[in-house]
Each structure stands twice: as C-alpha cells, then as structure tokens.
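Asker: One-letter residues, chain by chain:
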Amino acid sequence: MRLVADFFYVPLPGRGVWCIWQRNFLYFRYSLWVSVLWVIVEPILYLLAIGYGLGTLVGEVQGLPYVEFFIPALMVISAMLVVFFESTYSTYTKLTRQKTFDTVLLTPVGPDEIALGEMLWAASKGLLSAVGVALVGWSQGLIDPQMILPALGVVALMCWVFAAIGLIFTSLAKNYDWFLYAQTIFIMPMYLFAGTYFPLEVLPPLVRDLALALPLTHAVMAVRSILGGDFQATILVNVAVLFGMAVLATNFAVSRFRRKLIG
Amino acid sequence: MTPPNQRLILKSMEVVVEARSIEKKYGNKAVVDKIDLRIPQGQCFGLLGPNGAGKTSLLKMIYGVSQMTSGELFVLGLNVRTHLKIIKSRIGVVPQEDGLDQDFTVMDNLLVYARYAGLKRKSAHLKALDLLRMMQLEDYEARSVEILSGGMKRRLAIARALLNQPELLILDEPTTGLDPQARQWIWHSLDQLKRAGRSLVLTTHYMEEAETLCDRLVIMDKGKILCEGHPRDLIQEHVGREVLEFEVAPEDLNYYLKKVKDQYRYQVINSRVNLFISETQDGREAARIINSPNLRLRRAALNDVFLKLSGHELRDQ
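In order, the protein sequence lines correspond to chains A and B. First residue of the first sequence? That's 38 in our numbering, and the numbers climb one at a time after it. First residue of the second sequence? That's -1 in our numbering, and the numbers climb one at a time after it.
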C-alpha cells in the first residue's frame, strides 16, 4: 500500500534545504513591508479586538483576565495561520503558476530538499509571527519574558507540523479551491475549538476528546502552561504528540510532494 | 551492488550521452519508445521532430527531471539512476519556458541559481557579471526579469545554464517564439560555445536551425528515431540535391507522375508533388519533362527529409 508506505518514507535532507529557505527569504526581503504587516500587525489587531475589546465583557477565565488567557492561543493561532497559508497558497503558486521548482530541479538540489526547504521556510515565517505576538505581550506586561523562549520552542515544533500538513494539501490540490476546503474542514474548527477562545472544559466530553486529536490543541495547552509558569507533566505529553505528528506528517508530505515534482 | 553496465563508464569517455533502449510511458502510451542514442562529445547534436515527437520527454530524462520507465541511460559516463546529483552539477539546461523567477531581478535570478548549483557567493557574483556581459544583459542587472523581452529572457536563461561551467549544455527549443534577430544572435552565441569546446544538445522543430547549428542530428517522430546523421548527409541520402515542386489537380496527378516515376523519387503532399533530384540528375531536365505551369526548383532541405520519413499529416499536438 503506497498510502501506508508514504508514512514511512525517510526524507533525504541536504544543503539544498537551506538554499530553498534562502530563496524564500530573498523574496520576503523584496516584499518586506507587506510581509511584516501581515505577520505582525494582524495579530496585534486581534489582541486589541478580542483580548481587550471582547475580553472586558468576558471578565476572567480560569482565574486569569481574558486577555492573559487568550494571548498564548493568539501566539499559536497566528503562527498556524501564517504557516498554513505559506505552505499551501504560496508553495502551490511556486509549484504550479511560477514553476519555481522546475528550475531548482535542473540543479543538484533534489526534490526532498525542496519539500523540506519549503517547510522550513513556512515554519520560520510562522515562528516569526509568534515572536511578534510574544513581543507585544511582553510590552504589555502580559507575558513573563523568561517563558518566551521555551514557549517559542513548542510553537516552532507546531509550526513544523502545520508546514508538513500544508504541504500534504498542496501535493493533493487540483486548484486553489482545495485550500478553501482545507481551511473550512480543518483549520477553522481548530482555530475555534482547540481551547483557543474558550477553555476545552466548556465543550461536551465527546467533542473535547476529538479536540485532543488536533495538533493545535496540544500546542495551545503546552504554550498556555509554559506562559502561565505552570510546568506540568502534560507539557511533555503535548510535545510528544506534536513530535509524533511532525515525524509522520513530514514523511508523508515529502513522499507526496516529491512525486508531484518528479512524475 | 554494481549494475552490469557500470563497465560502460570507461569506454564511453568520448560520448556525452549514451542511451540504451530507453522508454518513457504514460499509462500504456510510450512517448519515448525504446530509443538507442549516442551523442558524441564536443559537437552540437540536434533532436528534431514535430510537436509530440518525444523530443522534450527524451531530453527531460537526459537532464534527470523525468524518470525512465525502462532502459539504461548514461550522461557524461555516469548512470542517471545512481549519479544524478553529480550529473546535474556538470550539465547546464535551458528549458523551453526559460524558468526564470519572475519575483526577482536579473542578477538575483543568477545568484539564487548559483546557490542551488553550489557556487560560492563571491565567485558566483563575478561569474554572473561575466555572463551578463557575454549575453549583453549587463545594463539590466538590477531590473526585474518581468520587463525583459522574450529574446533577453532566453539569453538570461542561457547565462544561468552556464554558471556552473557545464561540460554539456542542453537546450530545449532555444529559439522558439523569438524574432529573427534574436534567433540569429542565439545561433551565433551557441556556435561560439561549441567552438570553446562545449558539447551541446538541442531540440528544435526549425529545420533551418538544425542545418545551421548541428554537426549531427536525429529526426524523431512518435517516440522513435527515424534517422541519424550529419544534416547534409541526411538530405543527400533521403532526398538528393534539389526538389522540384509543382501543384496538380487530383485528376491530373497520374498523368504527371507517369512521366517521371521511373526516373525520380517523389512524394505527394495533398495536391503538391515533390520530385527529388539526386546529385546525378538534372532538375531543369525534370522540369522540362513535367512541363506544368507552376513549377518550382529549389535546394533540398532537412524539411524534405523530415516530411518524407514521417509522412505529412498535420499535427495538432
């Protein structure tokens, strides 16, 4: 079964991964202000509208002012959205319209390196967005600066998971509409129900169990614990789940994407 | 495990590409149908044929972006199945669509590519400047590739393919879509590259281009090789020195053919007859025998070889 074999494909990394990252970074520099605006300013607007605006109506959640409850989720959500957009729409555009990778394949850089490079780039951009939120949170006294690095570690791992998942959608997509489906059935439910805007405990038990199968849930749980200074064993479980998902999704994504590149 | 054909590496030094019965199938359709091919070093070698002949498919297997269904293929003495990365570091490719990064400037296109190729940044920059001068693009260094004309884009794609100083340069339809001036310019620069000792492989469906540039060529159709040789030899062998063309009404066809068919080889294409005049025959003599009002005597060309060997129906794709 090819489907099963895809999960056990071992990607072949190389220096080309870094070349692909640098290619994307160069483009990022070309369009720096648009990128920064999107990656950093948008989360700030969310923080103002939801955290402070809506938050004043909500009051306290789990013994915290709503904005403090919400900010770990905001870090994770913005990272997820940026990563997913990058590894779907952007990568798909390079794959199909711009045929960027056709040119790369003329060189010694191989298909696995292209796949991994795209993922690394998407994950980096997502992480940058989380850094933006963390800095804003710190400046507002909502986040303990000592906890930022460990929290970003978890976010980085989660970014990798979503980069891989995005790449899987990209290698399955027949056109841009596919990503709308992916958003509607996969990203949006997570965005809303993964313990982001309200705690998981509010959900009916069955839905709560389902939510535990989602990568975002584990990222939100871990980041919220870390930023709250509440180091529990559950963090290790969250990280282990994310790590397992990262490995499987990476194998699958690279295996699929390479087939798309070299038919 | 050493593949049995590893031994070939030693004896194929003077050959840049060696293909043995290579095949590419999509489903049940073979677009490259068990082809054998040896491309000698230091020459310009052409792959000719109509759209859909399998030229590009064959080329893509040679530069390693398309996998063979079966067969053995060695490029620069190395097996494409096992040494693809090394092969790619030693060849240069100009693909049909140029493959330039529209997001970037002319210089960045070269630098990004040089990085993929593994060149050091500093030497890449010097090399890129050199190549931009050679391709007369130095004034456009900092401009976006979007503003370049078709001919300039092709020149940039050639410059890019030369960054790693390839032993073998592969070009897929290098002048398709260019105006006559740009075409001449590219012919000239390819000729210079050949004189500098590079091996070139190109595809084209312009017979004139092949006659001008190629030392040796194959004509392909429907995934197979129809013939191989020096352009002039092929014309000599399959057509002759001259072609006498004339138009006839269908009902008169037999009348005219009866006059000449014992002495001359010919091909009928719709209402036109091509009479092939060999080295020892006289075209004007044939014209006198035919004695039709609309005759044209011209030099035989590669086009005639192609039409003769492939049949003459129009191809859509």
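Hints in this document: simulated from the structure, not taken from any laboratory. Any given hint could be a false lead.
Unchecked claim - Think about it this way: if two alpha-carbon atoms lie no more than 30 Å apart in a straight line, the pair counts; the simulated DSS-like pairs of lysine-lysine are:
no.	chain 1	residue 1	chain 2	residue 2
1	B	257	B	23
2	A	211	B	23
3	A	136	B	257
4	B	27	A	136
5	B	256	B	23
6	A	211	A	297
7	B	222	A	136
8	B	192	B	118
9	B	306	B	220
10	B	259	B	32
11	B	257	A	297
12	A	136	B	259
13	B	192	B	259
14	B	83	B	23
15	B	256	B	192
16	B	125	B	83
17	A	136	B	83
18	B	120	B	222
19	A	297	B	220
20	B	306	B	27
21	A	211	A	136
22	B	83	B	257
23	B	306	B	256
24	B	222	B	192
25	B	222	B	257
26	A	136	B	256
27	B	27	B	259
28	A	297	B	120
29	B	220	A	136
30	A	297	B	256
31	A	297	B	222
32	A	136	B	306
33	A	297	B	192
34	B	306	A	211
Asker: Compare the structure with each hint and give your call.
Answerer: Now for the hints, and whether the structure bears them out:
With a C-alpha separation of about 46 Å, the suggested pair residue 257 of chain B and residue 23 of chain B falls outside the 30 Å cut-off, and the hint is violated. Distance check on the hinted pair: residue 211 of chain A and residue 23 of chain B sit about 23 Å apart at the alpha-carbon level, within 30 Å; holds. Of the pairs offered as hints, the one joining residue 136 of chain A and residue 257 of chain B is violated, with about 57 Å between alpha carbons and a cut-off of 30 Å exceeded. With a C-alpha separation of about 26 Å, the suggested pair residue 27 of chain B and residue 136 of chain A falls inside the 30 Å cut-off, and the hint holds.
As the CA atoms of residue 256 of chain B and residue 23 of chain B are separated by approximately 45 Å, the hinted pair breaks the 30 Å bound. With a C-alpha separation of about 11 Å, the suggested pairing of residue 211 of chain A with residue 297 of chain A holds against the 30 Å cut-off. A hinted pair counts as satisfied when its Cα atoms are at most 30 Å apart, and residue 222 of chain B with residue 136 of chain A qualifies at roughly 29 Å. The hinted pair formed by residue 192 of chain B and residue 118 of chain B meets the criterion: a straight-line CA distance of about 26 Å does not exceed 30 Å.
Annotation: proposed proximity of residue 306 of chain B to residue 220 of chain B holds, straight-line Cα distance about 15 Å (limit 30 Å). Of the pairs offered as hints, the one joining residue 259 of chain B and residue 32 of chain B is violated, with about 36 Å between alpha carbons and a cut-off of 30 Å exceeded. Restraint check for residue 257 of chain B and residue 297 of chain A: the C-alpha separation of about 60 Å exceeds 30 Å, so the hint is violated. For the given pair, residue 136 of chain A sits about 53 Å from residue 259 of chain B by alpha-carbon distance, which is inconsistent with the 30 Å threshold.
For the suggested pair residue 192 of chain B and residue 259 of chain B, the alpha carbons sit about 43 Å apart, so the restraint of at most 30 Å is broken. Using a Cα cut-off of 30 Å, the hinted pair residue 83 of chain B and residue 23 of chain B holds, with the two alpha carbons roughly 24 Å apart. Distance hint between residue 256 of chain B and residue 192 of chain B is unfulfilled; the C-alpha atoms sit about 48 Å from each other, more than 30 Å. The hinted pair formed by residue 125 of chain B and residue 83 of chain B meets the criterion: a straight-line CA distance of about 22 Å does not exceed 30 Å.
A distance of roughly 20 Å separates the Cα atoms of residue 136 of chain A and residue 83 of chain B; the hinted pair therefore holds under the 30 Å criterion. Restraint check for residue 120 of chain B and residue 222 of chain B: not satisfied, since their Cα atoms lie roughly 45 Å apart, outside the 30 Å limit. The hinted pair formed by residue 297 of chain A and residue 220 of chain B meets the criterion: a straight-line CA distance of about 26 Å does not exceed 30 Å. For the hint linking residue 306 of chain B to residue 27 of chain B, the alpha-carbon distance of about 25 Å falls within 30 Å, and the restraint holds.
The hinted pair formed by residue 211 of chain A and residue 136 of chain A meets the criterion: a straight-line CA distance of about 15 Å does not exceed 30 Å. A C-alpha spacing of about 61 Å is found between residue 83 of chain B and residue 257 of chain B, which places the hinted pair above 30 Å, so the restraint is violated. Simply put, residue 306 of chain B and residue 256 of chain B have alpha-carbon atoms about 20 Å apart, close enough for the 30 Å limit, and the pair holds. For a cut-off of 30 Å, the pair hint linking residue 222 of chain B to residue 192 of chain B stands: about 27 Å separates their Cα positions.
Only pairs whose Cα atoms come within 30 Å are accepted, and residue 222 of chain B paired with residue 257 of chain B is rejected, the gap being roughly 35 Å. At most 30 Å may separate the alpha-carbon atoms for a hinted pair to count; residue 136 of chain A and residue 256 of chain B exceed this at roughly 57 Å. Of the pairs offered as hints, the one joining residue 27 of chain B and residue 259 of chain B is violated, with about 38 Å between alpha carbons and a cut-off of 30 Å exceeded. This hinted pair does not check out: residue 297 of chain A and residue 120 of chain B have alpha carbons roughly 34 Å apart, beyond 30 Å.
Straight-line distance between C-alpha atoms of residue 220 of chain B and residue 136 of chain A comes to about 27 Å, which keeps the hinted pair within the 30 Å bound. Proximity of residue 297 of chain A to residue 256 of chain B is assessed by CA-CA distance (about 58 Å); at most 30 Å being required, the pair is judged violated. For the suggested pair residue 297 of chain A and residue 222 of chain B, the alpha carbons sit about 27 Å apart, so the restraint of at most 30 Å is met. The suggested pairing of residue 136 of chain A with residue 306 of chain B is violated, with an alpha-carbon distance near 38 Å, which exceeds 30 Å.
Between residue 297 of chain A and residue 192 of chain B the alpha-carbon distance is near 35 Å, which puts this suggested pair outside the 30 Å criterion. Proposed proximity of residue 306 of chain B and residue 211 of chain A is contradicted: the alpha carbons are some 42 Å apart, above 30 Å.
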